[in-house]
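Engineer: Chains A and B, in that order, give the protein sequences. So in my numbering, spot 134 of the first sequence is number 215, and the numbers just go up one at a time. So in my numbering, spot 1 of the second sequence is number 2, and the numbers just go up one at a time.
Just so you know, the hints here were simulated from the structure itself, not pulled from any lab data. Accuracy of the hints is not assured; some may be wrong.
DSS-like mimics (lysine-lysine), calculated; alpha carbons at most 30 Å apart, straight line [unchecked claim]:
#1 K165(B) x K192(B)
#2 K192(B) x K246(A)
#3 K246(A) x K165(B)
FRET-style restraints, in silico, Cβ to Cβ [stated by the list, open to error]:
#4 A84(A) x A181(B): 31 to 37 Å
#5 T236(B) x E90(A): 21 to 27 Å
#6 G215(B) x M229(A): 45 to 51 Å
Here a beta-carbon is modelled for each residue, glycine too, at the ideal position from N, C-alpha and C.
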Amino acid sequence: MAAQLKRGESTAIESLYDRYGRLAFGLAFRILNERGAAEDVVQDAFVSVWRNAAGFDARRGSLRNWLLSIVRNRAIDRLRGSARVRSEIDLADAGQRAEVPDVWEAVALDLERKQIQEGFRELPDPQRQTLELAYFGGYTHVEIASRMQVPLGTVKSRMRIGLEKMRTFLTARGVMA
Amino acid sequence: MSCAEAEDLLGAYALEALPEEEARRVEEHLRSCAEHRAAAAELRRTSALLPLTVEEGDPSPEVRARIIEAVKATPAPRESVGRPVQSAREPRGTVAPIRRIPTLRAWAARSSRLAVAAAVALALGIGGLIGYQLGHGSSPQVAYTFQGDPTAAPGAEGRLVYFKDRKQAVVAATGLPRLASGQVYEMWLIKGGVPVDKGISASSSGDIGAQLPGDLSQFQQFAITIEPGEQQLPTTKPILVGNLQSG
Numbered sequence: 082m083a084a085q086l087k088r089g090e091s092t093a094i095e096s097l098y099d100r101y102g103r104l105a106f107g108l109a110f111r112i113l114n115e116r117g118a119a120e121d122v123v124q125d126a127f128v129s130v131w132r133n134a135a136g137f138d139a140r141r142g143s144l145r146n147w148l149l150s151i152v153r154n155r156a157i158d159r160l161r162g163s164a165r166v167r168s169e170i171d172l173a174d175a176g177q178r179a180e181v182p183d184v185w186e187a188v189a190l191d192l193e194r195k196q197i198q199e200g201f202r203e204l205p206d207p208q209r210q211t212l213e214l215a216y217f218g219g220y221t222h223v224e225i226a227s228r229m230q231v232p233l234g235t236v237k238s239r240m241r242i243g244l245e246k247m248r249t250f251l252t253a254r255g256v257m258a
Numbered sequence: 002m003s004c005a006e007a008e009d010l011l012g013a014y015a016l017e018a019l020p021e022e023e024a025r026r027v028e029e030h031l032r033s034c035a036e037h038r039a040a041a042a043e044l045r046r047t048s049a050l051l052p053l054t055v056e057e058g059d060p061s062p063e064v065r066a067r068i069i070e071a072v073k074a075t076p077a078p079r080e081s082v083g084r085p086v087q088s089a090r091e092p093r094g095t096v097a098p099i100r101r102i103p104t105l106r107a108w109a110a111r112s113s114r115l116a117v118a119a120a121v122a123l124a125l126g127i128g129g130l131i132g133y134q135l136g137h138g139s140s141p142q143v144a145y146t147f148q149g150d151p152t153a154a155p156g157a158e159g160r161l162v163y164f165k166d167r168k169q170a171v172v173a174a175t176g177l178p179r180l181a182s183g184q185v186y187e188m189w190l191i192k193g194g195v196p197v198d199k200g201i202s203a204s205s206s207g208d209i210g211a212q213l214p215g216d217l218s219q220f221q222q223f224a225i226t227i228e229p230g231e232q233q234l235p236t237t238k239p240i241l242v243g244n245l246q247s248g
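Okay, chain A solo, but in the shape it has when bound:
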C-alpha cells in the first residue's frame, strides 16, 4: 500500500481508509470527544498522508503508525489550540510487519490491539492515568503533576516506568521486537 501511495495511486488512500479509518476516528474521538471535530481531523490526516506520501520512509516506521501519529498530533493541536513541538525521534517500529492479504490484516490488527490494550490495562492506575493525560490529553509533565497533585519527579518516573512496563509486556508477547 505504501508503494502504491508513493506512486500516486489515489485508490491506495481508499484502501488505507478502509483499513484504518475506524481506528483513526476512534483515536480522534478519544482525544476530542466530539464527532464532528474528530471527523475533520481524520479527513485532514488522510489528506496529509496523501500529500506527503512521497516522503514516507518505511524504515522510519509503519504507514499505520505514521497515520495515527498525524491523527493524534492534529487532534491534540485542536484540543490545546496550538501546535506543539514534535519529537524528532523516528517511529521506527515495533509493529512493522510484512504485507499480508487484506483479509488478514484486520485479524492481525485486532489480535495486536487486544494485546496492546491488555498491556495498557495491566499498568497500575497512576501510571496508566499519567500516560493517558500525556498522550490523549496532550498535557505536559508539569500540568499533569498539578492535575494529579503529585511531585513532578513522580510524574516523570510514572511516564518512564509505565512505558517500560508496556514494552516488557509487549516484547514478551512478540508484539514488539
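Got chain A; can you put chain B on it based on the hints?
Structural biologist: Okay, now just chain B, sitting in the frame of chain A:
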C-alpha cells in the same frame, strides 16, 4: 543538558509531554548521546502503540467520500527528483513450503506419546485457559485453547499442545463448520502478523487433529481458516484464532 537530567526526562519526551524549550534541550542531548538516543527510541516505539489502545469508532460515511474528493483535488505525490529515493520497504511474508500435514491417525502410528497427548487435548475440551500448563513448573508441554469465531464458528473449539523439548505441537479442533465441496480447513501459525501455512485437513466431521512440527516459540498466534483448496496465504477470515503466549 546533563545525562542525569536527560535520563529523568526521557519518558516525558517520548510522550511529547515536555514544553518546547525542554524538548529542544533533550533533543540536543540526544544528538550527542547514543545511549539515551537508543533509550528514547525504545520509549517512543512504545508510546507509538498507545493509539491502538482506543476502541474503533464509526465515522459518518461522508468522511470517506470527502477524503476521496479532497485527494482527487490534490496533485498526486511525486517521488523527489535529484535526491536518493527513499524506498518503502515491502517485505514479503515468509511462506512455508506447501505440504499436506499427516493426519493424526497416520502419524499416531509413529508416535504414540504425542497421539495420546492429542487425544488428551481433544478430551480436555471446554473452556480451558490460554497458556494452561500441563503438569507443573518446568513441564516441557504447554497447552493453549482457542474458541471459534462467535459468528462463523460458534461452539468450535481448538486445543494445541506444544512439546517444547521435541519442538512439535499437536492440534485438535472440534465443532468446526462443515466444509462445502472442494473446501479444506487450513492451519496457520502467525509471526509478526504474517500467517505461515501449516497444512490442510479435509475432515468431513468438523473435527480435525494434526501435528505441527517446528519451533513454536517464534510464533504469536494460531488460526484455522476455511479455504477453497490449500493457499499460500489466507483468503478468508479465521474461523478460529488465538494467542500462543501464556503471559
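Engineer: Compare the structure with each hint and give your call.
Structural biologist: Okay, the hints, checked on the actual structure:
1. K165(B) x K192(B): holds (18 Å)
2. K192(B) x K246(A): holds (22 Å)
3. K246(A) x K165(B): holds (27 Å)
4. A84(A) x A181(B): 31 to 37 Å: With a Cβ separation near 36 Å, A84(A) and A181(B) satisfy 31 to 37 Å, so the hint holds.
5. T236(B) x E90(A): 21 to 27 Å: holds (23 Å)
6. G215(B) x M229(A): 45 to 51 Å: At 49 Å between Cβs, range holds.
Violated hints are absent here; each numbered hint is respected by the structure.
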